[in-house]
Amino acid sequence: MHPVVEICAWPCETDVQEAVDAPAHLIISAFGCELPAQVRASLAPPSPARSEGEASGESGDTSPPLWIHLDYLSAEAWVGGFHGRPSIKPDGARQIFVFPGFDAQSAGLPGTPPEHGPGADHEASQSLDPAPSGARKMSEARPLSIFAYAYAHAHLGSWSASIARAFRGQGHTGAAAHPTAILTIPAAHEHQWPSLKAWLATESLGLNLLAQCPQMLWDERLAASDLLLVRGEDSWVFAMRSGVPWLWQPYPQEPLTLQRKLAALLGRMEDCLGELPGWNAWKIALLAWGQAQMPPDDALEVLMQHWPRSAWHRLARQWALKCNAAQSLADGLALWIPGQLAAPAGARMSHHAQPL
Amino acid sequence: MKIAQEIRTGNVIMISKEPMVVLRSEYNKSGRNAAVVKMKLKNLLNNSGTETVFKADEKMDVLVLDRKEVTYSYFADPMYVFMDEEFNQYEVESESMGDALHYLDDGMPCEVVFYNGRAISVELPTGLVREVAYTEPAVRGDTSGKVLKPARIKPTGFEVQVPAFVEIGDRIEIDTRTGEYRNRVK
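These protein sequences, in sequence, are chains A and B. End of the first sequence = 356 in my numbering, gap-free, step of one. End of the second sequence = 542 in my numbering, gap-free, step of one.
Don't take every hint at face value.
To be verified - Restricting the straight-line Cα-Cα distance to at most 25 Å, the calculated cross-link-like pairs of lysine-lysine (PhoX-like) are:
1) K358/B to K373/B
2) K89/A to K358/B
3) K394/B to K89/A
4) K505/B to K89/A
5) K396/B to K89/A
6) K505/B to K415/B
7) K411/B to K358/B
Claimed, not checked - Covered stretches of chain B, as calculated for chain A (at least 3 residues, CB under 8 Å):
8) 360–372
9) 387–395
10) 465–474
Derived from the structure by calculation, the hints contain no laboratory data. Remember, predicted model here, so these are calculated numbers, not experimental data. Just so you know, even glycine gets a beta-carbon here, dropped at the ideal spot from N, CA and C.
Using the sequences provided together with the hints, build the complete structure.
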């Protein structure tokens, strides 16, 4: 939880009138969400007659709440041009669009640095440690722990098998009667891959089904894994900040859009990692996993070399350091919102006027 | 009523009971098939400008205005001159041309939009075909991971992102609402 933000439950439907009668100072509409109709209607500026009455002292504070639309995270460059812009609705209500992102033109990166992740205070050095954080100590007998939170069109069985083969190729044979690797997936996703168990059997891999659990436990499981195959936004951000080697699968959408989102992320990562060993192999793997293609065995072999002191660990750690050093979305909003609330409604503009 | 993603450069929309002409419209997919549109608007009552963002599915009132089919004729600084079938000329200010400047070509068909008898903007067809003036050649076996590359189109030099297989001299169809490549035209 953020130190200056207290999280409360949204009033249930029967309490909506309460939200209208005693409006909040700030309303955040997260992506994909719509405000209850009564709350939305209350955001329109008062009619001239009502305003005159209020101006004559018949009522108190007349400023409507600061209404923010919080959008998805994207690495694309256009985000900077859209972030912080006002949106004036036909009824005169005013909303401000906030876009998370990777650079100073955006609102910042969601999430917080993991407590013991790269860049955390306890880390004495941010050098490219030969055994970076994110690389769990591995005895030869311990199976590789893969956490997969993926969309159904991913070739998860094939990828798991290829990763396990590359892992074994590094001499990690596992103890007798133990699997080389254990794949953890949410139990609710098991039906997505009917042939997954058959795939895992061919490479002697174990399967662990994770029951629905609180976010904190979910994050702990991610942090305790050796390799993260993630999707969407929350788990993706967690993976990027963790320093654990990862691959990301964007939300399924038309191919050109998906390719643009992947290319934008890869471009930013290349600026940071392009000179480091193993980057090209990670890029190939990111492209293939992100577009639900079959696993690139050559690239995976490069990435698994010298595990757990692999180039992949160093790259993941370096990217995590960059992500964790940047301003977080929550910190940025906590700094920006008080200034916006203090401004007259008509003057509430963008971070371009008041840096977020 | 139209939704924001259907609003094109040259349309006039009502915002807070004031007519605003759309000078530029930029459409982007944000995530999970949601999309957003940024519009540069000019208030037709006081000529003030603003830049706003909408969710692509937000509904808005579009004023139905007089319009004429014309072709682009010539530029007489600072006005762009268009001509209809009866050789009547209509002048549009540079700042009101919006994205039309990206695709402007001699004889280009389009529509001029009028408000109170004044030509205020130009509307383009949603799709236009243009020849690629320059793009980097695709490299066989390229593993750089790039999925799109920039291409400059004739005659304006406007840059469009195209798939790797597009070559110099290819004719490509562009969505003028988004500035995005649609397909290669044989």
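A quick look at each hint next to the structure:
no. : hint             : result
1   : K358/B to K373/B : holds (16 Å)
2   : K89/A to K358/B  : holds (14 Å)
3   : K394/B to K89/A  : holds (13 Å)
4   : K505/B to K89/A  : violated (36 Å)
5   : K396/B to K89/A  : holds (15 Å)
6   : K505/B to K415/B : violated (34 Å)
7   : K411/B to K358/B : holds (12 Å)
8   : 360–372          : holds (count 3)
9   : 387–395          : holds (count 6)
10  : 465–474          : violated (count 0)
Hint check: violations occur at hints 4, 6, 10; the rest are consistent with the structure.
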